[in-house]
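Undergrad: Chain by chain, the residues:
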Amino acid sequence: MSRDTFVLEPAVEPDGSEKPLLRIRNLDVSFTTSTGVVNAVRGANITMYRGQSLAIVGESGSGKSTTAHAIINLLPGTGKVTGGSIEFDGRELVGASEKDFVGIRGAQIGLVPQDPMTNLNPVWSIGFQIKEALRANGIATGRAADKRVAELLAEAGLPDAGRRAKQFPHEFSGGMRQRALIAIGLAARPQLLIADEPTSALDVTVQRRILDHLEGLTDELGTAVLFITHDLGLAAERAEQLVVMYRGQVVESGPSVKILSDPQHPYTQRLVAAAPSLASRRIQSAKARGVTTDEVLAVTHGDGVNPSRGELLRVEHLTKVFEIRGAGKGEKEFKAVDDVSFTMARGTTLALVGESGSGKSTVANIMLNLLQPTEGKIYFEGTDLHSLGKAAEFAFRRRVQPIFQNPYGSLDPMYSIFRTLEEPLRIHKVGDAKSREKRVRELLDMVALPQSTMRRFPNELSGGQRQRIAVARAVALAPDVIVCDEAVSALDVLVQAQILTLLNDLQAELGLTYLFITHDLAVVRQIADEVCVMQDGRIVEAATTDEVFDDPRQDYTRELLAAIPGASLDMFGAA
Amino acid sequence: MRDKLDRIDRPDQSHFFASLDDAVLDEVDVVDETAAPASLWQDAWRNLRRRPIFWVSAVLILSAVVLAALPGLFTKTDPMFCELTRSLDLPEPGHPFGFDKQGCDIFARTVYGARASVVVGVLTTIFVALLGSIVGAIAGFYGRWFDSLLSRITDIFFAIPLVLAAIVVMQIFKQYRGILTVVMVLAVFGWPQIARITRGAVMSVKNSDFVTAAKSLGASRFATLVRHVMPNALAPIIVTATVSLGSFIVVEATLSFLGIGLPPDKLVSWGADIAKASRSLRDQPSILFYPSGALALTVLGFIMMGDAVRDALDPKARKR
Numbered sequence: 001m002s003r004d005t006f007v008l009e010p011a012v013e014p015d016g017s018e019k020p021l022l023r024i025r026n027l028d029v030s031f032t033t034s035t036g037v038v039n040a041v042r043g044a045n046i047t048m049y050r051g052q053s054l055a056i057v058g059e060s061g062s063g064k065s066t067t068a069h070a071i072i073n074l075l076p077g078t079g080k081v082t083g084g085s086i087e088f089d090g091r092e093l094v095g096a097s098e099k100d101f102v103g104i105r106g107a108q109i110g111l112v113p114q115d116p117m118t119n120l121n122p123v124w125s126i127g128f129q130i131k132e133a134l135r136a137n138g139i140a141t142g143r144a145a146d147k148r149v150a151e152l153l154a155e156a157g158l159p160d161a162g163r164r165a166k167q168f169p170h171e172f173s174g175g176m177r178q179r180a181l182i183a184i185g186l187a188a189r190p191q192l193l194i195a196d197e198p199t200s201a202l203d204v205t206v207q208r209r210i211l212d213h214l215e216g217l218t219d220e221l222g223t224a225v226l227f228i229t230h231d232l233g234l235a236a237e238r239a240e241q242l243v244v245m246y247r248g249q250v251v252e253s254g255p256s257v258k259i260l261s262d263p264q265h266p267y268t269q270r271l272v273a274a275a276p277s278l279a280s281r282r283i284q285s286a287k288a289r290g291v292t293t294d295e296v297l298a299v300t301h302g303d304g305v306n307p308s309r310g311e312l313l314r315v316e317h318l319t320k321v322f323e324i325r326g327a328g329k330g331e332k333e334f335k336a337v338d339d340v341s342f343t344m345a346r347g348t349t350l351a352l353v354g355e356s357g358s359g360k361s362t363v364a365n366i367m368l369n370l371l372q373p374t375e376g377k378i379y380f381e382g383t384d385l386h387s388l389g390k391a392a393e394f395a396f397r398r399r400v401q402p403i404f405q406n407p408y409g410s411l412d413p414m415y416s417i418f419r420t421l422e423e424p425l426r427i428h429k430v431g432d433a434k435s436r437e438k439r440v441r442e443l444l445d446m447v448a449l450p451q452s453t454m455r456r457f458p459n460e461l462s463g464g465q466r467q468r469i470a471v472a473r474a475v476a477l478a479p480d481v482i483v484c485d486e487a488v489s490a491l492d493v494l495v496q497a498q499i500l501t502l503l504n505d506l507q508a509e510l511g512l513t514y515l516f517i518t519h520d521l522a523v524v525r526q527i528a529d530e531v532c533v534m535q536d537g538r539i540v541e542a543a544t545t546d547e548v549f550d551d552p553r554q555d556y557t558r559e560l561l562a563a564i565p566g567a568s569l570d571m572f573g574a575a
Numbered sequence: 001m002r003d004k005l006d007r008i009d010r011p012d013q014s015h016f017f018a019s020l021d022d023a024v025l026d027e028v029d030v031v032d033e034t035a036a037p038a039s040l041w042q043d044a045w046r047n048l049r050r051r052p053i054f055w056v057s058a059v060l061i062l063s064a065v066v067l068a069a070l071p072g073l074f075t076k077t078d079p080m081f082c083e084l085t086r087s088l089d090l091p092e093p094g095h096p097f098g099f100d101k102q103g104c105d106i107f108a109r110t111v112y113g114a115r116a117s118v119v120v121g122v123l124t125t126i127f128v129a130l131l132g133s134i135v136g137a138i139a140g141f142y143g144r145w146f147d148s149l150l151s152r153i154t155d156i157f158f159a160i161p162l163v164l165a166a167i168v169v170m171q172i173f174k175q176y177r178g179i180l181t182v183v184m185v186l187a188v189f190g191w192p193q194i195a196r197i198t199r200g201a202v203m204s205v206k207n208s209d210f211v212t213a214a215k216s217l218g219a220s221r222f223a224t225l226v227r228h229v230m231p232n233a234l235a236p237i238i239v240t241a242t243v244s245l246g247s248f249i250v251v252e253a254t255l256s257f258l259g260i261g262l263p264p265d266k267l268v269s270w271g272a273d274i275a276k277a278s279r280s281l282r283d284q285p286s287i288l289f290y291p292s293g294a295l296a297l298t299v300l301g302f303i304m305m306g307d308a309v310r311d312a313l314d315p316k317a318r319k320r
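Protein sequences appear in the order of chains A and B.
Going by the working numbering, the letters in the first sequence line up with residues 1 to 575, in that order.
Going by the working numbering, the letters in the second sequence line up with residues 1 to 320, in that order.
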C-alpha cells in the first residue's frame, strides 16, 4: 500500500510562511437552556499545523470538548457557533452547510470518541462498522473494502485481523474496541484526527500501549492529532502544543515544554501544581506543615502523628472464589483474590494498586465485612473479623468505614445532607437530637463545607462536594480504618488534590488508618506510606511507597510506573 | 516521543497567556449558597408546575373527585327517581341533559356516576399499590428463592387477563355485588404490573453505593430497604399507579356495562348507563354521549397526570 499520496506539500502563506491546517479565531459557542444562554466557549484561538499534535487541557465544563465538536459541527443539543472563525485547510467551516460537513467528517477530519464501550454499535460486526466508514467516504467497496478493513485493523494493532473483523463489539475488550475506533477514525486517512479523551476509560498500561501505537501511526501517516484531555501529564507527554482552557476561555497556550516549565496564568500554575502525575512526593498534612523541617525529615514516612504505630489490622491468606453462573464445565470458579496477606499499622496509609479485575475491590468488600472470604482470616486488633457475633459485628461497623468512587451514587438522593450525616449517629444511638446536630455541624466544618450545606440535597452539590460529604459520613463515628475504594478517581484534578489533602489532614488529626484502593499510581505517591501491587488476585509486590517508586522489583510494577502519564517527563520526575 | 523542540516557533504558536487582569480564579469547588435548597420532590414539583398538561389533568381529576364527594351540590334530582312518562324527553330547565328511556334524569345520573368510578379507581389503586409494591420489594430486595417464587406467582397472575378473570369471579359472587367486591376482585388480579415495576426499581437501587454505605454503617437489611431503597424506588410506582387508576375505572365500567359490576338498582355507574343508552341509541344518540364522555374525561385525567408526573420525576424520560 502506498502511503506517499498522503504526504502533502505544505501550503504556503503569501508571505512565505507555512499555512496552518487549522486556525480557530475568536470562537464563541453558546447553548440555550431553560435558564438562559450559556456561553460555553468564549473567544478561543487555536492554531495547528500539518502533522502536529496539540492537546486541549481543562477540567469538566471548561469547554474543551465543545471546541472540538464545533470544528466538525457535531455540537450537542442547542449548541451553536455564535462568532469567530474556524479555518480548516484554507476553508471556512463556520456557516458551512451540513452537506459540506458530510464531506469533511471522516475524510478530512477523523474522530476517536471517548467511551469505547458505547461508541460501537453492538449489533454490527467490527468489520462492518469499519467498512461503513470506508463506504461513507467513497474509499472502497465490495471485496476491496474487506481487504482494506483487515489492513486497517492490523495497522491499529489488532493481531489476526481477518478473524477479528468478523467479531462483535462484546467480544472485544475495552482496549481492543478503542483500537477498532482508531481504525475507523483513520480509515479515510484524514489530515486531522480529533481524539476526545481517547483512553480515559482504560487501564493505565492499556492506555499507554494504545497511545504509543496511535502516536507511531499518526507520525507515519503525517496526521495531525488534536487531543482533548483532563490529564495534564498525558497532554504534555503526547502533544507538542498545549492549550489550557478554563471556563470557556483559552487561558494559556504554547509549546508543552514551555507551559509546563514556566506556567504564567494562575490557573495553569494551579493545574501544574496539582497534577498527580507530575507531583512526586507525599502530601503533607496541615499539622505536619507547621512542624519544623528536621522533624518532618526525622519521620521515615507519613506524617508520624500517632506515636503508637502498632499493628491494627492483619490480613492472612485471604482467598475469595466466585462461582460463574452459566459457565461451561471446569470453568465454574473464578479466583478473584488469591492468597493475599498484608498488615496495616495504625495511622498509616496502605495503597492497594492494580488494574481492573485485579481483585482489589473484592479485598475492600471483605475488609468491610460485606463479603465473606472463601479462605483466610482478617484480624482487627487481634480478633478474627468473621467470627464476630451479631453485637460485636455491629460494634465493628463503627470502626471501619468506606468511601466509594462514584460521588453521584454514594449519597442517597432522597436524604438531605443533614439526614445523611446524622444517619450513622442515629443508627448507633449516639447522643440526643441536639448533640447530633452539633456533631453534624462539626463534621461539615471538618470537611471545609459551610454549615448551611446541611439543609441541601446531594443533587445541588458538585462531585467534589459530594465526596467531601461522603468523607464526613465516614468519619462521623470516629472510626479507626477508612477503606477508600477509588475515592478520588472520578474527580477533576484540582478537586482531586483538594480531597487528597483533606484526607491527609484528617489522618493526621484523627489518627486514621487508610486502605486506599486505586488504579492510579500517581495518586499513591501522594498519599500512601506502603503499597501492595495486585495482579490477577495476587499481591505481586509489597513495599514502602519510596521503595516501589525508586526501586520496583517486579516487571509488572515497572510497567505500571512507566504507564503513569507524564512519567517520561524527567523535568519533574525526580524533584 | 515526538521531538517537541524542532518547530515551536511558528506563527501563532508562541507562548500565549490570557491577561492576568481578568484572571479571576474562584476557590476550587465552593458551594453555591445563593440558591434555595431543594429536595428531589421539590424539584419535581417546580417542574410539574410549569406543565400545562399537569394543570389540565389536575382540573379534570379535581372535578371528578368533587362530583364524587358532593354530588348533591350539583343536582337536587334523585338519580334513582325515574318516571316512565318522561321517557326520552328532551332537555328542559332543571334537567339540562334530558331523560333516558326509563325516564331518569341524565344529568343527575352522570353526576352521581362519578362516585362509583372514583371510589373503585382510588381504592383499587391503593390495594394494588400496597400488594404489588410489597411483593415486588421483597422479591427484588431479598432475591434468591424469594425472588424465584414470588416472580413465578407474579407471572401466573400476569398471564390472567384482568377483565376475563373479573367477569368469571364476579359471576361467582353475584349475590355480593357492590363497590367493595369489585375493588377486591380488581385488586387480586391487578397487582402484578406494580409488582414487576417495583421489583425492577428495587433491584436497580439496591446495588447503589449509598445502600452499601448504610450497610457498612450497621443498618439492618430491613431498615435499608425501608429507609433507602423504597423511597428511591417510589417514583416509578407512583407513575404506574396513577396511569393504572384510569384503567381500573375502565374495567369497572366494562363490568357494569356487562351487567355484572355494580348493582344497577342500588348504585349509579357510568358503565351501566352506557349499556342502557346503547339500546336507545337509534332513538336518541345523545343519551350515550353524557356517561361515556364523563368516563373518557376522568380516565384521560388520570392517564395525563401519570404522564406529567413521570416526566417530572424522571428527567431522563423528559421530552426535549
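Derived from the structure by calculation, the hints contain no laboratory data.
Any given hint might turn out to be false.
[Claimed, not checked] Below, a list of computed lysine to aspartate or glutamate pairs in the DMTMM-like style, where the Cα atoms sit at most 25 Å apart:
(1) 19(A) x 12(B)
(2) 258(A) x 196(A)
(3) 215(B) x 28(A)
(4) 258(A) x 12(B)
(5) 19(A) x 338(A)
(6) 215(B) x 480(A)
(7) 215(B) x 384(A)
(8) 215(B) x 381(A)
(9) 332(A) x 147(B)
(10) 215(B) x 486(A)
(11) 438(A) x 265(B)
(12) 215(B) x 432(A)
(13) 438(A) x 12(B)
(14) 390(A) x 333(A)
(15) 377(A) x 432(A)
(16) 215(B) x 559(A)
(17) 147(A) x 215(A)
(18) 215(B) x 219(A)
(19) 80(A) x 98(A)
(20) 258(A) x 215(A)
(21) 80(A) x 28(A)
(22) 215(B) x 220(A)
(23) 390(A) x 78(B)
(24) 429(A) x 393(A)
(25) 215(B) x 215(A)
(26) 76(B) x 92(B)
(27) 429(A) x 265(B)
(28) 377(A) x 219(A)
(29) 147(A) x 219(A)
(30) 266(B) x 32(B)
(31) 276(B) x 265(B)
(32) 335(A) x 209(B)
[To be verified] Cβ-Cβ distance ranges computed for the label pairs, FRET-style:
(33) 324(A) x 28(B): 40 to 46 Å
(34) 121(A) x 297(B): 30 to 36 Å
(35) 489(A) x 46(B): 31 to 37 Å
(36) 399(A) x 55(B): 26 to 32 Å
(37) 43(B) x 341(A): 44 to 50 Å
(38) 46(B) x 381(A): 47 to 53 Å
(39) 324(A) x 221(B): 22 to 28 Å
(40) 441(A) x 43(B): 48 to 54 Å
Beta carbons are placed, not taken as given, at the ideal position from N, Cα and C, and that holds for glycine.
Undergrad: All hints, please: hold or fail.
TA: Do the hints match the structure? See the list:
Between residue 19(A) and residue 12(B) the CA atoms are separated by roughly 11 Å; this keeps the pair inside 25 Å, and the hint holds. As the CA atoms of residue 258(A) and residue 196(A) are separated by approximately 23 Å, the hinted pair is consistent with the 25 Å bound. Restraint check for residue 215(B) and residue 28(A): the C-alpha separation of about 49 Å exceeds 25 Å, so the hint is violated. Between residue 258(A) and residue 12(B), the direct Cα distance comes to roughly 15 Å. Compliance with the 25 Å bound is thereby established for this hinted pair.
A C-alpha spacing of about 59 Å is found between residue 19(A) and residue 338(A), which places the hinted pair above 25 Å, so the restraint is violated. Restraint check: the Cα-Cα separation between residue 215(B) and residue 480(A) comes to about 17 Å, which is no more than 25 Å; the hinted pair holds. Proximity of residue 215(B) to residue 384(A) is assessed by CA-CA distance (about 20 Å); at most 25 Å being required, the pair is judged to hold. Distance restraint check for residue 215(B) and residue 381(A): the Cα-Cα separation of roughly 22 Å lies within the 25 Å cut-off, and the hinted pair is therefore satisfied.
Of the pairs offered as hints, the one joining residue 332(A) and residue 147(B) holds, with about 23 Å between alpha carbons and a cut-off of 25 Å not exceeded. Distance check on the hinted pair: residue 215(B) and residue 486(A) sit about 19 Å apart at the alpha-carbon level, within 25 Å; holds. At most 25 Å may separate the alpha-carbon atoms for a hinted pair to count; residue 438(A) and residue 265(B) exceed this at roughly 66 Å. The straight-line distance between the Cα atoms of residue 215(B) and residue 432(A) is roughly 22 Å, inside the 25 Å bound, and the hint therefore holds.
A distance of roughly 57 Å separates the Cα atoms of residue 438(A) and residue 12(B); the hinted pair therefore is violated under the 25 Å criterion. The suggested pairing of residue 390(A) with residue 333(A) is violated, with an alpha-carbon distance near 30 Å, which exceeds 25 Å. Taking the CA atoms of residue 377(A) and residue 432(A), the gap is about 37 Å. The hint is violated against a cut of 25 Å. This hinted pair does not check out: residue 215(B) and residue 559(A) have alpha carbons roughly 37 Å apart, beyond 25 Å.
With a C-alpha separation of about 24 Å, the suggested pair residue 147(A) and residue 215(A) falls inside the 25 Å cut-off, and the hint holds. Restraint check for residue 215(B) and residue 219(A): the C-alpha separation of about 53 Å exceeds 25 Å, so the hint is violated. For the hint pairing residue 80(A) with residue 98(A), the CA-to-CA distance comes to about 13 Å; that is within 25 Å, so the pair holds. Between residue 258(A) and residue 215(A) the alpha-carbon distance is near 21 Å, which keeps this suggested pair within the 25 Å criterion.
Distance check on the hinted pair: residue 80(A) and residue 28(A) sit about 8 Å apart at the alpha-carbon level, within 25 Å; holds. A distance of roughly 55 Å separates the Cα atoms of residue 215(B) and residue 220(A); the hinted pair therefore is violated under the 25 Å criterion. With a CA separation close to 67 Å, the supplied pair residue 390(A) and residue 78(B) exceeds the 25 Å bound. Proximity of residue 429(A) to residue 393(A) is assessed by CA-CA distance (about 16 Å); at most 25 Å being required, the pair is judged to hold.
At most 25 Å may separate the alpha-carbon atoms for a hinted pair to count; residue 215(B) and residue 215(A) exceed this at roughly 47 Å. The hinted pair formed by residue 76(B) and residue 92(B) meets the criterion: a straight-line CA distance of about 15 Å does not exceed 25 Å. Distance check on the hinted pair: residue 429(A) and residue 265(B) sit about 60 Å apart at the alpha-carbon level, beyond 25 Å; violated. In summary, the hint linking residue 377(A) to residue 219(A) is not supported, as the alpha carbons are separated by about 53 Å, beyond the 25 Å threshold.
Our distance criterion of 25 Å between C-alpha atoms is met by residue 147(A) and residue 219(A), whose separation comes to about 23 Å. With a C-alpha separation of about 62 Å, the suggested pairing of residue 266(B) with residue 32(B) is violated against the 25 Å cut-off. Restraint check: the Cα-Cα separation between residue 276(B) and residue 265(B) comes to about 13 Å, which is no more than 25 Å; the hinted pair holds. Between residue 335(A) and residue 209(B), the direct Cα distance comes to roughly 24 Å. Compliance with the 25 Å bound is thereby established for this hinted pair.
A beta carbon spacing of about 44 Å between residue 324(A) and residue 28(B) agrees with the range 40 to 46 Å that was offered as a hint. In this structure the supplied range 30 to 36 Å is violated for residue 121(A) paired with residue 297(B), their Cβ-Cβ distance being about 45 Å. Separation of residue 489(A) from residue 46(B) is about 33 Å and conforms to the stated range, judged on CB atoms against 31 to 37 Å. Taken as a hint, the range 26 to 32 Å is violated for the pair residue 399(A) and residue 55(B), whose Cβ atoms sit roughly 54 Å apart.
Under the hint 44 to 50 Å, the C-beta atoms of residue 43(B) and residue 341(A), about 49 Å apart, fit the expected range. The hinted range of 47 to 53 Å is satisfied by residue 46(B) and residue 381(A), whose Cβ atoms lie roughly 51 Å apart. A C-beta distance of roughly 26 Å is found between residue 324(A) and residue 221(B), which places it inside the suggested range of 22 to 28 Å. Take residue 441(A) and residue 43(B): their Cβ atoms lie about 25 Å apart, and the range 48 to 54 Å is violated.
In terms of the numbered hints stated before, the structure departs from hints 3, 5, 11, 13, 14, 15, 16, 18, 22, 23, 25, 27, 28, 30, 34, 36 and 40, listed from lowest to highest.
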